[in-house]
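Student: With chain A's structure known, arrange chains P and U on it following the hints.
Residue numbers (my numbering), protein chains in the order written: chain A, 1 to 296; chain P, 297 to 856; chain U, 857 to 1190.
One or more hints might be untrue.
So, partial list: chain U residues that the calculated Cβ filter (under 8 Å) puts toward chain A [to be verified]: (1) Tyr866; (2) Asp995; (3) Met998; (4) Gly1083; (5) Val1104; (6) Val1139; (7) Val1141; (8) Lys1143; (9) Leu1162.
These are computed hints drawn from the structure, not numbers from a lab. Think of the CB as a built atom: it goes at the ideal place given N, C-alpha and C, for glycine as much as any other residue.
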Amino acid sequence: MKSSYAYYPGCLASLSQKELDASTRAIAGKLGFDLVDIPGFTCCGAGDVHEARPEYYLHLNARILGQAEQLGQDTLMTICNVCTLNLRQADKKLKADPDLLERVNRNLKEVGAASYSGGVEVRHLLWEIAEGDGYEKLKQICDKPLTGMKIAPFYGCQILRPSKLLGFEDPDRPQSLERIIEACGAEAVDYPSKIKCCGFPIVLARAEVALGELIQPLVEAKEAGADAMVTPCPLCHLSLDAWQGKAEREADIELEMPIFHLAQLVGAAAGLSYDELLFKRHVVKTHSATDKIYAS
Amino acid sequence: MVRHDVVVVGAGLAGMRAAIEASRYGVDVGVVSKLHPTRSHSGAAEGGINAALGNAGEDSPEKHTFFTVKGSDYLGDQDAIAVMCEEGPGDIYELEHMGAIFSRTDDGRIAQRPFGAGGAPRTCYAADITGHVLLHVLYEQLVKAGVTVYEEWFALDLVTDGERCVGLTAWDLQRGGVQAVEARAVVMATGGLGRMYRGTTNAYACTGDGMSMAWRAGVPLKDMEFMQFHPTTLKSNGVLITEGCRGEGGYLRNAEGERFMFNYAPNAGELASRDVVSRSEQTEIDAGRGVDGCVLLDLTHLGAKRINERLPGSRELAMDYAGVDPIEEPIPVRPGSHYHMGGIDTDVWGRTAMPGLYAAGECACVSVHGANRLGGNSLLETVVFGRRSGAAAAQDVRSNGAGGVFSPSAARVTERSLQRMLDVSDGERPHVLRRELADAMYDNAGIFRSAEKLEACKATITELRERYSRGLVVHDKSRSFNTDLIQAIELGAMLEMADCLVTGAIERTESRGAHSRIDHPERDDENWLRHTLAYYDDGQVRLDYRPVTITEFEPAVRTY
Amino acid sequence: MEVTLKIERYNPDTDEPRLESHTVDVAETATLLDTLDVIKDEVDGSLTYRKSCRMAVCGSCGMRMDGGAVLACKTPMKPLVDAGHVATISPMGNLPVIKDLVVDMDPFWEKFRAVKPYLDEGDGDAPVKEWRVQQAELDRIMKEALCIQCGCCVSECNSMEADPDFLGPAALAKAARFVGDVRDRGGKQRLELYNGPHGVWDCTRCYFCQERCPKGVDPRDAIAKVGTAIYQEGMLSDKGARHAKVFVKSTHQTGYLLETNLVPETVGAVNAIKDIPFALQLVRVGKVPNPLKPHNAKKLDEVRKLHKLIETQENEARAAANAGPKRPPEEGSP
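Pulled out of the complex, with its shape left as it was, chain A reads as follows:
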């Protein structure tokens, strides 16, 4: 774990998923690292800009990396799977091809943007607290253990795959979320779909397909006895939380499964309040789970 990071909350945590940004900032203080804001950052473009306009996507992300570099930071912290993959993909491509990097920097310079020399690594919050001194620190701050709670880890896709770009852990048998859940004093429940897709990228363009994907982990987590699910990705969160009702109706079942952001889970175990972690901003009410946490 570093003492400070260039902090890239991405769009969702800045807009609809503000509870994630707030929770992240709150636990950063507890964990003892600084989050240095990147003035003038933009959207990473997500898979959409990457697909539609790959060159533009590359420049957008180079610009963000350059801005982080300008802050004197060597590590950029993400809190979203999609941002993580997009930034890392661009970073790897630029670092692997000096001619490309030069061309991109020429363009960045032409529009007056910060150029990038390849000195930044992109890391997700999850990776920083799932091992090493970050994990030790995490165990220390979790002084309100979530004893007796069963939490279903939901990884989402783009923090595991493609592993040659992400590579933090075995993409088929990840354990980072489980370790964190245990550090929080809760029990991690296992279920097959924890590494599968939530359907979010196509929830508007192909609603039936997306909901068909979404229902699977929700049902399995419920059947495994989970009080709540936790995810390191705000897009998975939006899918699991905001679209849960639609998936329920489509499948004609009732789930009422509370969905936690990773930072909320950690924050709760570290004694941060319901209000501080903005649980009230969830679509699926979290009381069935949060009441157990905040009862005592």
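Tutor: For chains P and U alone, kept in the frame of chain A given last:
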């Protein structure tokens, strides 16, 4: 019962090329293959395909012809070789227009590199996955042509009316059961037989069943004794490492680090012909200068960039199956059975001795490879003679009117014999015989042969054929997807073809190309400048001979 | 060394799927395929799987190990033995099982055929010799050309689980191989095949295909290349393309994703109205940013200029790519 004008058996490069060509003549074409087309072993060809395009240096079809004749140790028919070499460039351009992804020169032409004993940089390539690229291009064209493919139908027997070939019977693997396939012309394109050897580069499917079908139907097989040993195969499983590695400048070293090939081929060194390089390697290994039964293929001096650009597949194979990264260290390699020069006797249009039956590709012997094939010529053969046999079959169908009579009992006869195989409940398992055969062939009909070894091999084969005829136990008694049954049938074909190979080898008391007799070390043009023909004679092998066609190049001493 | 495998057995004629455990002795270098061969030869000949080349090029032996698709011939057993792990072997997913580890590939090939899997040669005006093509132009489709059609990607495609009609990663990688070929004259008609229902916009970007592919084809990247071509040809009829357009617009209009534009501009105003109860639910918890007061990123002018500049460069590159293959210089017109 299915019925087509032309039925092609086998869907590798030769078979698909034949089917595509035949369909251009407006006849109804069907393809029967025991594998889905893209699973065919053509896809494992790595290094490239020869044609005198002259893109990388002065070259001509005549030069290609000469070096092929010389490489064949003068056993190749020179008229056939000339056809292949003259028509080759046109076939390459056609493949390119179909979308084949050939590696390119700086000015955008098809790149070419030298291969062993070729005499010029003539081998067109797609990195080192040339066969894969061509196989998929031809499958694309097969789909485009709308040819009906009977995938995973295992061809069993040719059906004749006593004179003409009128079709065949096949086992539908997925559904189970014998299917009658009626045809006015049948093109065999079933590939090689390398699996009868231990440590082969060949796929599991290369069991010589097509040759066996033709042989049993009375069609002669030609030059069966000539089996090529490829100089660079991996020890663990015989996987091929392309000759392109040496074409790109790779070295062969012995345990002392010496580039030993110059002791055997002072001019060509590593790029001598395959028979010469394989014998040299085996000599080094036998003399105690090997490394754990191998020599070393050293690419380290080529550098990571060149290896990754030109030989990425070889690097992947070495890493997967030998645990060696060729950028860092040499690859241990040894000679392994690779390509069978012999096969169903055909003319330059793929026609066999039986009306209505054609053959192309490795299962055929035109003969363009003679006693030793040059690297890069087999892919060329598949497209040139695949095209020609498809054209001949279609044209003959159009000009012949009605074909022969397909006996309705044919399928029942085959069905009964298969049922007999399934009914055996007591006896040996096929794999026991398969292993004994593979060991006998490698040990006694390998790189260096002798009367004593070959006779021992023949005795083993005779005994194995007897044991086979007593019936083997097929565990799987079900109809659907019975691969246990198929493997037992394939073993039967291998035993028959091994018999043809070894019987021919015993008689040929000379050393020529890949047939190297330590008891007859010299080439003997006076007695043996002729093709061996192996006929079916009540289950046994009967040999006959035919002169070699010599047009331009008188046999000369062959050195590299 | 001794290897133990648990193998899913299934014979449609006789039984229900069941797990069978086998322990056999194999060479240190043995692959999963070698191990299955030993079991088939020496223990139970009825064990059924496909195989041929045993060198990872024919694509026959795709199957699942511990739930993930692999080529049996490319999967060494030693790491499992060293770890003391007993792997479970089962047939590939998303395709019907015929017997044991053999799946029905017909649906797979049906999709292959649906993408017009061959070069569109246009008017047949090919030169006598080869087209002049730069190596760099071919390198762009080289990854897709590595595909051996084994089906490992399809086995784990998450979208295909929910929409079995999705063309899927293998067929779309094949499509990308032609879309990117300078010799192909398929143009928009070809792209239209991949643009509608069950086409590229079905991909949910789960990256399982990319993870499982044993040949480094990177099928998800290939799907994206097809999407790029469709988008840049201005073919925005599909909701997927319109969804992407909102993202592009967002980045240079406000710098952040215009979440409130996403629904109406993707699914259309009428459908968006149908979704009002759902939207209100989001508004209630503060999930809908105020569209009238967009939250703009700082230094937006940089991004706007960047967007314009790159658009110009992309247009130039596309024009060059669409110009068609080059003829050999020595040839005149016939």
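Student: For each hint, tell me whether it holds in the structure or not.
Tutor: We went through each hint and held it up to the structure:
no. : hint    : in the structure
1   : Tyr866  : 20 Å, violated
2   : Asp995  : 13 Å, violated
3   : Met998  : 16 Å, violated
4   : Gly1083 : 4 Å, holds
5   : Val1104 : 5 Å, holds
6   : Val1139 : 10 Å, violated
7   : Val1141 : 5 Å, holds
8   : Lys1143 : 4 Å, holds
9   : Leu1162 : 5 Å, holds
Hint violations for this structure: numbers 1, 2, 3, 6, all remaining hints satisfied.
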